[in-house]
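In our numbering, the protein residues as written are 1 to 271.
If you are wondering where the hints come from, they were derived from the structure by calculation, not from laboratory data.
Be aware that one or more of the hints could be misleading.
In silico lysine-lysine, DSSO-like type, Cα no more than 30 Å apart, as pairs [what the hints assert, rightly or not]:
(1) K60 - K93
(2) K93 - K264
(3) K42 - K70
(4) K129 - K70
(5) K60 - K260
(6) K42 - K178
(7) K93 - K129
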Amino acid sequence: MDHHRNLNPLRLVVLFTLVFLFSCKTTEKVPAERLRPVSSQKIFRKAEENSFDYIRFNIKRINVQFDDGKNSGSLRAGIQAVRDSSVLISISKFNLLVARVLMTPDSVLYVNYFEKSYYSGTYAPLSRKMGLDLNFRTVQAILSADVFSLFEKPGEMQAYDTRIEEGMYVLYPEASEKAAMPVVYTYYFDPLLFVVRKIRMEDLVNSRMAEMVFSDYEQVGVKYYPAAMELNVTSERNRMSVIARMSGFSTEDGEFVTLKIPEKYQRVSLN
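All chains should be modelled from the sequences, with the hints used to inform the complete structure.
This is how it looks when you write it as structure tokens:
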């Protein structure tokens with residue numbers, strides 16, 4: 001019989017879950033007055049050409065600082081990903097392995113080695129705690145920088161318009177479509193390379209917003225990936241900020257760490 005109790009240390013993992021995100025290349029800033037309007041179709045085509053793709057992708061070192069208004073601190077992590085299969089996050093504190101999170105298309109497995117506990121279930125509790133719609137499709141799209149795979153239908157992108165803001169091209173939903181969207185996504189693209197530099201997500205019904213900013217890009221194979229990322233989430237009751245600095249990128253095959261639940265670990269709930 002499972003023993004359920006609240007999982008406070010999972011907060012570290014929850015704060016970190018979205019910190020593997022979209023890629024683009026550092027480039028010179030183009031003055032706004034030199035930018036010419038472009039269509040959403042052109043942005044889509046250029047972004048597809050520059051999106052980061054992988055079969056296997058590893059990030060060896062990630063230094064994370066987090067603050068949710070109640071708790072703040074830092075931790076280290078690493079990521080191993082196999083496309084369409086799994087994403088494994090290993091989290092350490094003071095060089096000691098604290099927890100691992102394994103995400104697959106239909107489930108999440110979290111093992112807390114410090115408290116000898118685990119969570120096994122769906123993405124729904126994590127989504128509620130994060131204040132964001134989180135699933136494997138979203139995680140993989142973020143990890144591979146293929147933002148357009150988040151669109152539900154092929155023609156959905158045509159409901160987006162473009163403008164110029166902060167020296168970047170902005171892709172945003174038309175007013176007639178915005179009201180029907182549960183979450184409104186706004187994308188900011190580099191004007192030279194047409195890669196994502198910022199993403200804003202607004203849940204208008206629940207008064208929640210998240211913004212991700214990406215910088216310090218490094219070449220990984222023939223594409224580029226951010227070595228720094230900042231995430232800020234705000235709602236009526238909560239706020240959260242995460243800053244991550246990453247290094248040790250690899251797309252080569254290697255030994256994948258399996259995640260098993262040790263004996264006598266207690267199952268926990270996320271209520």
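Tested hints:
Taking the CA atoms of K60 and K93, the gap is about 15 Å. The hint holds against a cut of 30 Å. About 23 Å separates the Cα atoms of K93 and K264, which keeps this hinted pair within 30 Å; it holds. Of the pairs offered as hints, the one joining K42 and K70 is violated, with about 44 Å between alpha carbons and a cut-off of 30 Å exceeded. For the hint pairing K129 with K70, the CA-to-CA distance comes to about 14 Å; that is within 30 Å, so the pair holds.
The straight-line distance between the Cα atoms of K60 and K260 is roughly 21 Å, inside the 30 Å bound, and the hint therefore holds. With a C-alpha separation of about 21 Å, the suggested pair K42 and K178 falls inside the 30 Å cut-off, and the hint holds. A distance of roughly 22 Å separates the Cα atoms of K93 and K129; the hinted pair therefore holds under the 30 Å criterion.
When the structure is compared with the earlier hints, a violation turns up for hint 3 alone.
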